[in-house]
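Q: Here is what each chain is made of, one letter per residue.
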Amino acid sequence: MSKKSFLVLILVFACLGLWANGEKKIPAATVSTGPAATPGASRTPIDVWVWAQASWVVDAVKEKFEADHPTIEIHKTELGAWDLLDKLLISMSSGKGLPDAAEMVRRMFPKFVATGKIMDITDRASKYAKDFAEGSIKEVTFNNRIYALPTENSYDVMIVRKEVFQQAGVDTKTLVTWDDYIAAGKKLKAQGKYLMDIIYPNVGGNGMMQWNMYLQTRGGNIFDADGKVIRNNQIARDMFAWYHDVLAPVSFVGPHPMNDPTVFTMIADGKIAAYGMDSTQLSTLQTKLPQLAGKLTILPWPLWSKDAPKLIGRWAGSAFCIPSDAKHKDEAWTFIEYIATSAEGVSAMWEKGSLLTGYLPGQKLPALNAPMPFYDNKIFVQTMKGYNQQPPFYWYDWAVVQDRVGVYLDKMFDESMTPAQAWDTCEKEIIQKTGR
Amino acid sequence: MTNRRRLAPYAFIAPFLVLLVVFWIWPIANSIWLSLTEWNGFGSPKFLGLKNYADLLSDADFIAAVKNTVLAALVYLLFMGVLSLALGLILDALPRRPSTLFRTIYFMPVTVTLVVGATIFQLIYSKSGGLLNGVTGLFGAAPVDWLGNGRIALWSIVAMRVWRNAGYYSLFIIAGLQNIPEEVHEAAMIDGGGGWARAVHITIPLLRPMILYVIVTSTIWAMQLFDEPWILLKGGPGVSTLTMAITLYRSSFKYMQFGYGAAISYVLTMIMVIFSFVQMKLFKRD
Numbered sequence: 001m002s003k004k005s006f007l008v009l010i011l012v013f014a015c016l017g018l019w020a021n022g023e024k025k026i027p028a029a030t031v032s033t034g035p036a037a038t039p040g041a042s043r044t045p046i047d048v049w050v051w052a053q054a055s056w057v058v059d060a061v062k063e064k065f066e067a068d069h070p071t072i073e074i075h076k077t078e079l080g081a082w083d084l085l086d087k088l089l090i091s092m093s094s095g096k097g098l099p100d101a102a103e104m105v106r107r108m109f110p111k112f113v114a115t116g117k118i119m120d121i122t123d124r125a126s127k128y129a130k131d132f133a134e135g136s137i138k139e140v141t142f143n144n145r146i147y148a149l150p151t152e153n154s155y156d157v158m159i160v161r162k163e164v165f166q167q168a169g170v171d172t173k174t175l176v177t178w179d180d181y182i183a184a185g186k187k188l189k190a191q192g193k194y195l196m197d198i199i200y201p202n203v204g205g206n207g208m209m210q211w212n213m214y215l216q217t218r219g220g221n222i223f224d225a226d227g228k229v230i231r232n233n234q235i236a237r238d239m240f241a242w243y244h245d246v247l248a249p250v251s252f253v254g255p256h257p258m259n260d261p262t263v264f265t266m267i268a269d270g271k272i273a274a275y276g277m278d279s280t281q282l283s284t285l286q287t288k289l290p291q292l293a294g295k296l297t298i299l300p301w302p303l304w305s306k307d308a309p310k311l312i313g314r315w316a317g318s319a320f321c322i323p324s325d326a327k328h329k330d331e332a333w334t335f336i337e338y339i340a341t342s343a344e345g346v347s348a349m350w351e352k353g354s355l356l357t358g359y360l361p362g363q364k365l366p367a368l369n370a371p372m373p374f375y376d377n378k379i380f381v382q383t384m385k386g387y388n389q390q391p392p393f394y395w396y397d398w399a400v401v402q403d404r405v406g407v408y409l410d411k412m413f414d415e416s417m418t419p420a421q422a423w424d425t426c427e428k429e430i431i432q433k434t435g436r
Numbered sequence: 437m438t439n440r441r442r443l444a445p446y447a448f449i450a451p452f453l454v455l456l457v458v459f460w461i462w463p464i465a466n467s468i469w470l471s472l473t474e475w476n477g478f479g480s481p482k483f484l485g486l487k488n489y490a491d492l493l494s495d496a497d498f499i500a501a502v503k504n505t506v507l508a509a510l511v512y513l514l515f516m517g518v519l520s521l522a523l524g525l526i527l528d529a530l531p532r533r534p535s536t537l538f539r540t541i542y543f544m545p546v547t548v549t550l551v552v553g554a555t556i557f558q559l560i561y562s563k564s565g566g567l568l569n570g571v572t573g574l575f576g577a578a579p580v581d582w583l584g585n586g587r588i589a590l591w592s593i594v595a596m597r598v599w600r601n602a603g604y605y606s607l608f609i610i611a612g613l614q615n616i617p618e619e620v621h622e623a624a625m626i627d628g629g630g631g632w633a634r635a636v637h638i639t640i641p642l643l644r645p646m647i648l649y650v651i652v653t654s655t656i657w658a659m660q661l662f663d664e665p666w667i668l669l670k671g672g673p674g675v676s677t678l679t680m681a682i683t684l685y686r687s688s689f690k691y692m693q694f695g696y697g698a699a700i701s702y703v704l705t706m707i708m709v710i711f712s713f714v715q716m717k718l719f720k721r722d
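Chains as they are written, first to last, in the numbering used here: chain H, 1 to 436; chain C, 437 to 722.
Next comes chain C alone, as it looks inside the complex:
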């Protein structure tokens, strides 16, 4: 083989490798270094060692943000997971035309711009004259301050996220369902398996890879919770909807503490890695 032929494959993948190094590897390496420094975006960063990470441990806002982010992610995953699975199963069982219609309807929220979606929910959640209080009022319930009450605000935002994404993830579930061979169901039916037994012993186990994909990707998405609490409440009232992504943005761009912001991003990454690892272990235990 000539030298030219031997080098050809590398030449072909070189553009990708160059882009990967410039826009992926180098920024990651640089931000690890940045997280060990104090830097306001100008001049040379000052090396601090692990001080930024140590400071995070005593930062009350950051601790509140971690708590809010993890809690919101867990509750979101639970509701979104159950709802998207249920929607997927129902839509897959429907005849083709109504299934397509409802799939389109449930998919629509994800196409709505986040800012518009947040504004719509602001009106729905409004304490005076909001749709939600109007509906609960029909049953005699007192108006609730869905966004103004620090004990409820985070869950109002989680509900908005579930509304937005459940339909989207149900499409993945449907795709997974359609990959299950018909013969497996037929064999189970011949063996006397009823609908429930088939769902528990065939459908759900064979859906595991897709459920794992949905949960891992939506965990990563959930951990980056920023837009809704920022647009609607700026992390308030108080720190009740403050998330790690908001503290990251605030430290870097509002306080110009890019080193501290980078340290937050790595703690966030580590939490996401741990979550994903645990989920993969749980789902692949067989």
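Excised from the complex, chain H in its bound form:
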């Protein structure tokens, strides 16, 4: 090969290399998994941050959404819920690396809205406001402005193993009130089994939130509607005492965080007979304990007495919001509207993640009214019929409240304080730390 031909060959390869490298820099060509866009049309990528079950939902609707909206492409980032909130906060503060839409833990939403960096979506969302469960839309509304669309609005439920109760001589059809459950718990205890589990330590979030289910269904609150801490809160004091004196003796209180394998193993082994949680855990149990298919059933949250109101407790639920500095706000709105209010979005939330929608027309969709083979063919929405009264619950400064209540639940359980002392000290500290 002559020197001249060699140089020409090198030049050709260099041009090819540059061309190929230039091609690589088109992001849509490397990351899109959706249908191809119309030739010549450009797609707008939207960054969506989600956690756990919602991530499965986004995966499920992505293809259909992108087919229906050929100018939008979803780029999903899955994070742990608390990592997501930390990263969102930092991104909002620095203005860098913001998502276009982010899932939000509703009980933590007030502090995000207070930054002034969450987009006011009232103009777009108000047409849906009356169709959402009152509690859910209130939790994303501040000074009469809407800042997010609620998505998951799950109810607290009792998931029970029928045959474990039967072995203790208890028919699960007779389980209606807490007195019924506690009486059954004593029979289970005699067999070396537990009625339920109590997350311990309570400090850090989930343990306290578990206790909070009991407070909510008793109609209790930590704050009043004006955001002031309720003084001399007798319902909360009673719930501390009931938790310690009545529920704990028949429950497993060993150290375990939420979703800990210890508890799932104990449920699988029939050592724990009931799992009282919010309904998002239906899909978790189904994934973790496939061997229990058909052996579990769903019952409404127990009543405090036969004639007590059928109040629903919630883990606060989630929502989707748009940071005000997001790049693609219109596209992000299209996406969150789709997830929160379309038949496809609402159905996928339930089918993929057992995320019960707060959008009331969505609760009538066939997907949400289908029997669940894993859970004794129960139809969840029908099981919860009549239990649709959500008392208003106020989540001000919830990070502080979670820590304070968690610390004093722990002090109560390690017997360094009586339940009354623990609550009274806790109440004082919440007042002092929140200034409310």
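Note that these hints are calculated values from the structure, not bench results. Please note: incorrect hints may appear among the correct ones.
Stated by the list, open to error - 30 Å max Cα-Cα, derived BS3-like pairs, lysine-lysine:
#: 1; chain 1: H; residue 1: K111; chain 2: C; residue 2: K487
#: 2; chain 1: C; residue 1: K563; chain 2: H; residue 2: K288
#: 3; chain 1: H; residue 1: K228; chain 2: C; residue 2: K487
#: 4; chain 1: H; residue 1: K130; chain 2: H; residue 2: K64
Since the structure of chain H is provided, determine the placement of chain C on it from the hints.
A: Relative to chain H, chain C alone:
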């Protein structure tokens, strides 16, 4: 010398200096300023003077966290120091092949991801069916709630840290031992020095710089105790495993009190500086 030649060295170190100022000096200076303010991460910080530091003195959680952190660090240093020194001495005395094998085995815990390590220890410490209670049960001991009992939980976490790091630090000890000239030992042997006398009068004194390094670096590491108590217990039960690093994270990112969080970080830094200073004085007294 031309101007160009005179400036050349500065040009060469400029990239380092720029990075040092941007990612080291400026954040330190900024966080000192931040610790004197109230700031939620948005808008302008509000100057408070020393109020954040004064508030720390009456913050029961912070006081518990300081106590837990210092106690945990002292106990950790004691056990980790003794164990890594003993391991280092034993492994150095072994023939080459078994020494390499055991070094690898003892080093392995530090390569395990913290989350995985914490989860393994959660199972080991489990009150019902845990490995540790299984073993103690063989000797007739009653099951202990290693993580659920507020009086024990912190020490369970310290034990986990010692397990994780003793093998790692023993490698530094071995490196130190291998730097001691053979001639010194030979001379001592000629003078009639036995094994114990050589260890006390030659090995340990000549190891001092390495022991100091191990203790100072592991003190700094111990003071930043966060991952294990956070992953396993979120600082609970109650405040029994609450550490300064957890209060720092909680104040800054959960409560959005970045000024208060910065003040905690400076108190933590001061404690670490005092610890390191005392250790250096003790070890360099000769």
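Q: Would you mind marking each hint as holding or not holding in the structure?
A: Results for each hint:
1. H:K111 to C:K487: Given pair K111 of chain H, K487 of chain C holds - Cα atoms ~23 Å apart, limit 30 Å.
2. C:K563 to H:K288: holds, 22 Å
3. H:K228 to C:K487: holds, 25 Å
4. H:K130 to H:K64: Holds, at roughly 27 Å.
Every hint from the earlier list agrees with this structure, and none is contradicted.
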